[in-house]
Structures are given as structure tokens and as C-alpha cells.
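In the order they appear, the protein sequences are chains A and B. Offset between the first sequence (1-based) and the numbering used here: plus 5. Offset between the second sequence (1-based) and the numbering used here: plus 1418.
These are computed hints drawn from the structure, not numbers from a lab. Each hint should be verified, as a subset may be incorrect.
[Said to hold, decoys possible] Each pair of labels, with its calculated beta carbon distance range:
hint: 1; chain 1: B; residue 1: E1607; chain 2: A; residue 2: N68; range: 41 to 51 Å
hint: 2; chain 1: B; residue 1: R1562; chain 2: A; residue 2: V223; range: 45 to 55 Å
hint: 3; chain 1: A; residue 1: S116; chain 2: B; residue 2: E1607; range: 51 to 61 Å
[What the hints assert, rightly or not] Only some residues are given here: those of chain B computed to face chain A with a beta carbon under 7 Å:
hint: 4; residue: R1584
hint: 5; residue: A1586
hint: 6; residue: L1587
hint: 7; residue: P1588
Backbone N, C-alpha and C define an ideal beta-carbon position, used for all residues, glycine too.
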Amino acid sequence: MTEPSYAGPVSASALLQQPPPARDFDVLVVGAGPAGSAAALAAARAGCSVALLERGPYPGSKNVYGGVVYGRILDELVPQWWEEMPVERWVTRRSTMVMTADQALTVDFRSQRWGTAPYNGATAHRSDLDGWLAGHAVAAGAVLVPATVATGLLRTTAGTVVGVRTDRPDGDLTAKVVIACDGVNSFLAKEAGLHPRQDNARHLTLGVKETLALPREVIEQRFGLTGRDGQDIEILGCTRGIPGGGFLYTNLESVSLGVVVGLPGLAAAKVRPEELLADLKAHPAIAPLVRGGRQVEYAAHLIPEGGYDHLPELAGDGLLVAGDAAGMCLAAGIWLEGVNFAIGAGMYAGRAAAAAIGAGDTSQAGLAGYRRALERSFVLADHRKLRKVPGLVLSERMQRQYPGLICDLAEGLFEVDNPRPKPGVWRLLRTAVRRHDISPRRLLADAITGMRAFG
Amino acid sequence: MAEQPLVVAALSPADPLGGADQAALEHTLRLAEALGGRSLAVTVGPAGAEEVLRQALACGVQRVLRIDGPAAADSDTTARALVAGLGLVPDLLLCGDRSSGRGTGATPAFLAARLGAAQALGLTELLLREGELTAVRRIDGRRREQLTVPLPAVCSVERGSARLRRAALPALLAARTAEIQVATVALPEPRQPVRLGPARPYRPRPLVLPAPVGTDPLARIRALTETDRPRTAARVITPAGPEAAVDELLGYLREHGYLAHLTREDDQC
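Chain B with its partners taken away, still in its complex shape (with noise of 0.2 Å):
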């Protein structure tokens, strides 16, 4: 870890700064000082998407960066022009788990990649204890896990994993005029997204029935709707008891050929 490590915050151009970017912010600003480190919040968009850099400066990060770009590019596009706009690898990267709108949350495995860090993806905790970063996060079951994260890392938080303090009122003044650095850098050309045709309605795939056989278009249709069939009727039981209902059902499923691949010892598990 460099004597001064660096937290940084990737934040969505949206403004208003989204519920998990927020939680973001917060967590960069508690881990910087934690950690006795610096603090950056850098985002990739046009020159709008400085509101949210001020909005980050308001609540006490040091310093930002506002990586010219697309506002709306692709998780890819966007961790490319961030790991290209940082020119570093932080000791910690932090993300919303995904943008709001529509957001896929890629962007923050696409910045572990390409930085070679660690990933904790969906947070819902992150605390510095005794001198490792450990999260919780969300698994199936209602279950939560509990990682140790090694450095460097890149970090994405759910809303609502931290509350973002109230900025200071000089400090909200203060960032209003801040000068904002940016940083310009050579992105791909876009890649051309999937496009999406319009939904069709729901059909049932076919049922395959061979040709009938005949001449006769009357007997034709009458062996296609099965209507010669003989109807069997329903046939009611009436078990003596549980044992006796199951030996039923499992009778008429072997019967039907349902239970073909099933041995008597697996039928008396």
C-alpha cells in the first residue's frame, strides 16, 4: 500500500447523485480517512455531469476529476476512459452497485479487470477492522456473506449501505465555484449496441402430428382431432390410507413408463 493511499469514488454523471452512488461517496469519504488517505471522486460525462463532482466536494472529498466523455457510454467504454482518465491503480476504487436508470451494474467488474484489482461486488457493508477491509454481502437464502478484501480493490455498494453526511454549508458554497480538473482521453470508438426489434405475440411451437392416412377429407380431419378415440373414463379410487395412495401413484407413474430409469430399492428410498 503507497504511504498515502488513495480512495477514490466513480460516481454516475446523473444529477442528482443516485441512492448508491451516494452510498459510495460516503464509504470513500469514511475509508479515506480510516485509512489516513486521500480522497478523489471522478466521473466520466460532459461537462453537466460536474454537478455531482460539486455535490462530492460539498461533502468533503478532496479532489475530483471529470473524465471528458459520453454521458451514457457502455460499461466497457466507461471503465476504459476511467482506468485511462485515473492513469494510476487506486488502492481502492468505490462504485454504486449499478447507475440509476437502467444500469447494469458491469462498469465495476470491467474496472477490476482492467486494473488486475480485487472485486466485492454488491456490498452492503464495508468497514476497515483492524487493518482489513471486510464487506458483507447479500447471497441466496436471505444469507449474507462476509469477505475480507484484499488491496487493491474495486468496491460496489448497494443503496442504502451508507447515508451520505450532510454537506457543510461553506463548503456547498465553497464547491459551487471550485474549479473542476479535466482530464481528456482517447476513447474506442462505440461499439454498436444489440438492437432490439419489436416484441412479437406469444405463440405455442407446433405439435408435429403425422399425416393421416385415407383419402376421405371427413375421416381426415377425424383422425387429426383424434375424435374415434374412445374416451376412457376417469377412474376413481379410493386408498385405504398414505401407504396405499403412494403405492397407487407410483404404480400408475411406472406403468406409464415415468419411472423406467428407477430400480424397486430406489422406489423404497
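Just chain A, same shape as in the assembly (with noise of 0.2 Å):
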């Protein structure tokens, strides 16, 4: 059999029966995205020599993504950040849209504080976002190695990971420590036995993106922003009952359209995503603000949305995982954030690796430091706290009652039927729970469960 020129389920460590007498590297970073950058950044800084390779031709070649970029962990890495990250806009309307097939409430919020310095949310292209971060990190001493897929971990047989081998001829590649930044599906980390072996794909959401190009005018005609301002629309109901939402960002010249589904629930259903997308792009609320535009991408990528209860192993020896390879992207309903975890995971690990070296232990414990960091973070801190906020949201009720409770509440509300007077906000409620049949004490009980949740 040939060597595999992937990591795959079925790749297998290569094992050493002697750790090598010296290393290539201190820190080896696998996946040039915003965590192994942010990884490369923090090591190289700290004083290790680091190799950050990239499976693409160059980082961002990729470019799959749909989301909007919270920069503010950047002001540790790159101050004044704003002023150079390749930016598309600046997002100033944050808005919910709660919809069923012929309805839709949004709630609108607008910012034009966060329309200048020191900004808060962006939409970006990660073909641009990750060369420019690790252009950091090869300025700060990293070596950027692209067009090179890690096929598989370099063990000694007492299983501490030394480093990892390559696609290329004598492609072997050592290190201290291994920072595995290598994205959803993370090879490596599920071939050192990080990951639980079973029940990956029930934490796991497809999400599937249209980008369409529209004249900057006529984007910022329809979403009503000016200048580089942007709008980001989070839908919930547009899944035909599946769990999961939809989502519309604007960027310069184009808006990013799509729907985050959950596997179980597309597998069951069976529906093909795209289908789910079609519909949401000819929805009345959507139609519209899309009209006209020119399908420049079309895009999948799986999302690990599973939050604090179902991340994996965070360390092993000689090994740091960091980003969605660690399943570090916040799913929790109003918050839908990955990259500013992935940079916060990334930084951490960097560093949590350089002073495991200088202290000449990087076993497990030795890398312990990095959960530490998390955990005091954001980074653990908000999936700790927002645990129960995933399984609320991908909920039967959610998804299939509550968008139409909360839709036929609105219509009641705004509906003139004269000559009968208003009905008062109450029997509103009492009748829209009765018409989808829902429980008031697990209505009750999920108000009080997100309440917690989110408090």
C-alpha cells in the first residue's frame, strides 16, 4: 500500500522507536487559519522557531466561510488591528429575524459606534483574513511551509507525539510540540485519541453558503448602510423544522447567504441543503434584498457546534489542539462566533507551548497551562457559561413552534381587525399557544432554561 496523501480516517501514526535526537522545530503548527496563525504568531513571538504548514497553496486559499469576524482578542496580537485587517464592512446593524414561510419579525439593533475605532464585528474573505494574520506570523520569525498536507502524527512508541509526517518526499517533520489547527474534522487530533471515537456527527452542523455579487450601491440602497457600515441578519425558521438558522451578511460588493443545518436532523429529513437555501433566497423577507444577485461562490463546510460539553481533549503529549479542530465555535443563538475563538485558542496554545518548552516539559501536564488559559479566557469562559444554550436552540420547540408562536404574536399585535377592539397581549399568546399546540409549562420551563442560559 502507498503512503496516503491525506489524513483520513484511516491514517494511522507513524511510530518512532527512538524520539529523534533533535527536533526540526520547536513548535510545528498544522493549518494556517486564524488559530494555527494566531498559534505561529504567539510561539515565534514568545522565542520558539515555529513551521506553520498549510495544506493550500497559500493561507486562505480555502476560503469557506460565512460569519463575522469579533477582532477585539487581536488587540493582544496586532495593535490597532482595524487599521490594516483586510476588512469587507464594518458591521453596524446586528439584526434576529424570526420567520415562517410567510412571515417574519426582526429585531433590529444599530450601532454606528461600532462603525469606528475600535470597531467590533466585520464581515471578511478569509482568502484575505488568513494571509494577512499569518504574514504576522512570518514576520514575527514563523516559516510558512503551503501546499503541504500533514498526513499523519510522528509517535514515539509511549505515544508522545514528536511531530508529523507529510505528503512530500522525505516529507517527516519534527517538533516539541505539535499545534493542530488543522479545522473541523481534525485528523490529528482524532488520531492521537482526542476526540471521543463516537457521536462526532451529532455535534456537527453543515453550513452552506451562496455568495452573490450586487453593485456596492445597490447593497447599501436595500440594507441601508453607507461607507464601509455592514449588516448581519441571524435567521431562526428558515430550515423547514431541521435544526438550525440561517444567516445574511453584507460585504462590500457582494452578501453571503446561507443555512447552518445539524447532521442528524438533514440526514432525517431528507433534504438536500441546497433546497433549504432556495428557499430561504426566495422567501419574501429575503427575496428582495438579494434580487439580482450574481452567484459568484457556492459553499459547504461542516461547523462544530456541540459548545463546552462536547469538546475534545484539549492536550496530549507533545500535542496542543486549538480552533475547530477543537471544536471551539460558539453556537449559542443571539452570539455566533468561531474565528475570535479559534485567534483566542490559537494565541493560547502558542503560548502555552513556548513556556512548555522553556520549562523542558511537554508532556500532558507540562501542556496542562493551556486549558488553564482557556478556561480563565473567554474562550472557556463563554462556551462554560453558554453550555446549555446550543441544545435550547437546536430544539424541537425552537425550531418548529416558537418561530411561528413568535410570528403569529407580532401579527396579532400589528393586525387592525376593527370594528373588534385590540385583543390585549395575553390572550394573544394564550391563542398562539393553543394553535401550535404548545405546552404553556415547557414554554414556561424553556423561558426560565434560557434565562439561565443566557444570564
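With the hints as a guide, bring the two chains together.
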């Protein structure tokens, strides 16, 4: 059998009888996404020799992303980052839309403060963003090795990770610490036994996205924007009851429209994800916003949305895991964040690796500072605090019943049904609850769970 | 041929290497090995152009040379710079058939002329067979012709004519910090390129008509627009067979003067 040219479900570690006498690098980071570049940057700044391995021909070449980048964590890595980060639009309108087939209720918040320094969130293309952050890592001394795939771990017979094997001739690279930032399917972390073997798919969602090109003026008119201001619309109730949601983000001269659905629900419903996206595109609340858009990109990607309770082990002997590879994507209803968690996790991983190398102990115990740093920071504090939210948001009631309940309540409130007098809110609520066959007890229980989870 | 033949890959400075340049580099490595010679990769460009030379080094080329100059010079200037920077006539110089972007593919021809070497351009195959350099290139009608190329020669190859080998990891890392030799040559002042003006909308050529006679404006317009010309009704014919149809067509064409240059004998043919 020939050597595999990729890491996959059947790839296995190469076992070394003896640890290599000298290592090529102190730290080897696999994957030059936000987590990997942040890890490489932090480790290089801490004085380590760092290699940053990237599968694509350049960082960001995959460019599959539909989200908002919250850059505050970059304050620690790149001062005044907003002056140089490649941004499409700064999000100044943050909207949450709840919809049924023919109704939509939108809560729309605008803050012009988010459109000026030090800013809040931004839409961005990963093809630009990843290259920019990797450029900082390279400037700090990291060695970028593009177009090179890690096909498996190099381990000693004792199980300590001492490097990776790549798909290049003579492609073994050794290091004191390997930081796996190889994305949501992280075969390296799985190979090291850090991910639980079963039920992985249950905590994954599939994001499907279209990027539709529209003239800049049209986007500004339709979304009520000026200059580099942008809008982020998160949508609930657009997935035919399959656990998930939708999104619409404005780029400078395009919009990204997509749905995110849980894998088990999608498989059980036997619906193709592009059908859900076509439904959303044709919805009366969305169609006028994207009309005439020319499709310039179509993409799909897995997202780890399991939350705190389904994180893998974050460290092994000689190995750390960060970013999507470690399931660090926060999908907690009104908060949908990933890149900032990846950057934060990568940064702490880089620092922890450097500290462990400095202390001469890169075993799992020596690398335990990584988890402690994450627990102290927003990365795991937010996940811990919101651990119940993914389950609540993806619950049957939240997906199938509550969007209709909320929309009917709003419709009853705003409909003028003269000569009848206006109904009271409680009466409307009771009627809507009955119509959607919701148990008031469950509704109250979910409200309390929500308050506790978000509180 | 010199004792150790020199095979040169002349690469476009654009990073990453284009498909045709990758093929040229791979052919360079293969032919240098086959000829038992030395390999050299050269490019004309500013310091940023060194990235493609590092890729060439990582893939196994023995020596690299950057000739300092503008990245986007015209083909003749690039060829002059390459010839001056090399300072000798290599046994074999390989290029991509055209640079990525909007290359014209003229550089290899200029190079061959300036080096006084044979040229074989737009090749799909290039091999050393029994001591002779043989090549294949496309010609019209989906046919291909085989060439035997004497040395010294300049050859340009199509993208896809060879797949560039994967660089070994140690070579890739070593190439990052390798010193790149730089040659400075005196380049002539760049010539003014042909400048394009805005495109005009399509306008058919005017049909010149003789001026109508008379002074009455209406009659003049009627004459110009041929309103009063008698219409001839379409003649519908149903020939008895193909031969009768051909006779009918030829008769019509002859009647209107289209076949005046042909004789009856030609008709029979």
C-alpha cells in the first residue's frame, strides 16, 4: 500500500522507536487558518522556532466561511489591527429575524459606534484575512510551508507526539510541540485519540452558503448602509423545522446568504441543503434583498457546534489542539462566533507551547497551562457559561413551534381588525400557544432555561 | 556540446509559477539529468521575483539567477535582459509557451534570435531520445508533428506537457534562506507601447448611391429609396431531380454574371 497523501479516517501515526535526537522546530503548527496563524505568531514572539504548515497553496486558499469576525482578541496580538485587517464591512446593523413561510419578525439594532475605531465585528473574506494573519506570523519569524499536507502524526512508541509526516518526499517534520489547527475534521486530533470516537456527527452542523454579487450602491440602498458599514442578519425558522438557522451578511460588493443545519436532522429529513437555501432565497423577507445577485461562490462546510460539553481533550503528550479542530465555535443563539475563539485558542496554545518548552516539559501535564489559560479567558468561560444554549436553540420547540408562535403574536399585535377592539397581549399569547400546540409549562420551562443559560 | 551541457529554465517572475512555467521547469530538470548537465533557473524581475527561483531551487534546480529588471517588460526587452544576464549561450533554454496573464509567447522567439539558437515553440512533448532532442507540437486539424531539435536551442512548452515534481521538504526549507545570485544588466530605455483608444460602436460602411435626378424633394426621396422600382415576384421552381436543380442554379448564377470567368468545361467538372 502506498503512503496516503492526506490525513483521513484510516490514517495512522508513524511510530518511531526512539525519539528523534534533535527536532527541526520548537513548535509545529498544522493549518494556517486563524487559530494556526495566531498560534504560530504567539509562539514565534515567545522566542520559539516555528513552522506553519498549510495544505493550500497559500493561507486562505480554501476561503469557505460565512460569518462575522470579532477582532477584539487581536488587541493582544496586533495593536491597531483595524487599520490593516482586510475587512469587507464593519457590522453596524445587527439583526435577528424569526420567520415562518410567509411571516418574518426582525429585531434590528444599529450602532454607529461599531463603525468607528476600535470597532466590533466585521465581515471579511478568509482568502484575505488568513493571508494577513499568517503574514504577521511569518514577520514574527515563523516558517510558512504551503502546499504541504500533514498525512499523520509522528509518535514515539510511548505515544508522545514528536512531529508530523507530510505528503512531500522526505516529508517528516519534527518538533517539541505540535499544535493541530487542522479544522473541524481534525484527523490529527482524532489520530491522537483526543476526540471521542463516537457521536461526532451529532455535534456538527453543515453550513451551506451562496455569495451573490451586487453593486455596492444596491447593497447600500437595500440594507440602509453607507460607506463601509455592514449588516449581519441571523435567521431562525428558515430550515423546514430541521435544527439550524440562516444568515445573511453584507460584504462590500456581495452578500453571503446561507443556512446552517444539524447533520442528524438533515439526514433524517432527507432534504438536500441547497433546497433549504433556495427556500430562504425565495422567502418574501429575503428575496427583495438579494434580487439580481449573481452567484459568484457556492460553498459548504462543517461547523462544530457541540459547545462546552462536547469539547475534545485539548492536550496530549507533545500535542495541543485549537480552533475548529477543538470544537471552539460558539453557536449560542444570538451569539454566533468562531474566528475570535480560534484566534484566542491559537494564541493561548502558542504561548502555552512556548512556556512548556521553556520549562522543559512538553508532556500533557506540562502543556496543561493551555487549558487553564482558556478557562480563564473568554474562550472556555463563554462556552462554559452558555453550555446549555446550543441544546436549547437546536431543540424541536425552538425550531418548529416558537418561530410561528412569535410571528403570530406579532401579527396579532399589529393587525387592525376593526370593528373588533384590540386584543390584549395575554389573549394573543394564549391563542398562539394553543394554535401551535405548545404546552404552557414547556414554554415557561424553556423561558427559565433561556434566562439561566444566557444570564 | 560542452562537456557538461547547461540547461536553463527562463521563468516568468509571477508567483506562484504558472502552469507553462512549471512544465518548463520540470523539462529542465529532466533534460539536465538526461544530458548529464547542469541546470539553471533564471528570471527577470525585481527582488520579489526571487520567490519563483526559490520554488525552482526546492524542486532541485542546481543554480538560480535573478536578472534585475522590471517584472512586466515587453518580450524583446525581457529577451535582451536574459541574454545579457546569462552571458553565454546555453545548450538548451526552456520557457513556458506564454507567461501567465496576457503573455504573447514572443519571448522564446526573441531569445532564439538573439542567442542564434534553433527554436521549437509551443511543444507538448520534449524528450531526449537516442542522444537527440525530439519534440512534438500541435498543428492544424488536431494533428501533431514531431521535431528533431539541434542544440543549442530555445524550446517553449505548453502547460500540462509535464507535471512539476513535488519538492522534498528539506529542500523546500533550505530554499527559503538560500542566497539568490543577482545580475544587473544595462537595459535599453523601454519603448513606448502601442496605446489603445476607446472602442467605437460598430458602424457599417456607407453605401454610396448616385444622386437622384430632378428637383422635387419627394421624387428624389422615392428615387433614393427605390420606392417606384417594380417588384419582381419570387419565381418558384420545382426541378425534376438533383441534376435539374444544379442546372437551374448554375443557369441563374451565369445569367447574373457570377460565373463569367468559368467555361462550359469547368461546368462539366
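Against the structure, the hints come out as follows:
1. In this structure, B/E1607 and A/N68 meet the distance hint of 41 to 51 Å, their C-beta atoms being roughly 42 Å apart.
2. Look at B/R1562 against A/V223: about 50 Å separates their beta carbons, and that is inside 45 to 55 Å.
3. Look at A/S116 against B/E1607: about 57 Å separates their beta carbons, and that is inside 51 to 61 Å.
4. Satisfaction of the interface hint for B/R1584 is found here, the shortest Cβ-Cβ separation to chain A being roughly 6 Å, below the 7 Å cut-off.
5. The beta carbon of B/A1586 is positioned within 7 Å of a beta carbon in chain A (closest approach about 4 Å), and the interface hint is therefore held.
6. Taken as an interface hint, B/L1587 checks out: its beta carbon lies about 4 Å from the nearest beta carbon of chain A, inside 7 Å.
7. Satisfaction of the interface hint for B/P1588 is found here, the shortest Cβ-Cβ separation to chain A being roughly 5 Å, below the 7 Å cut-off.
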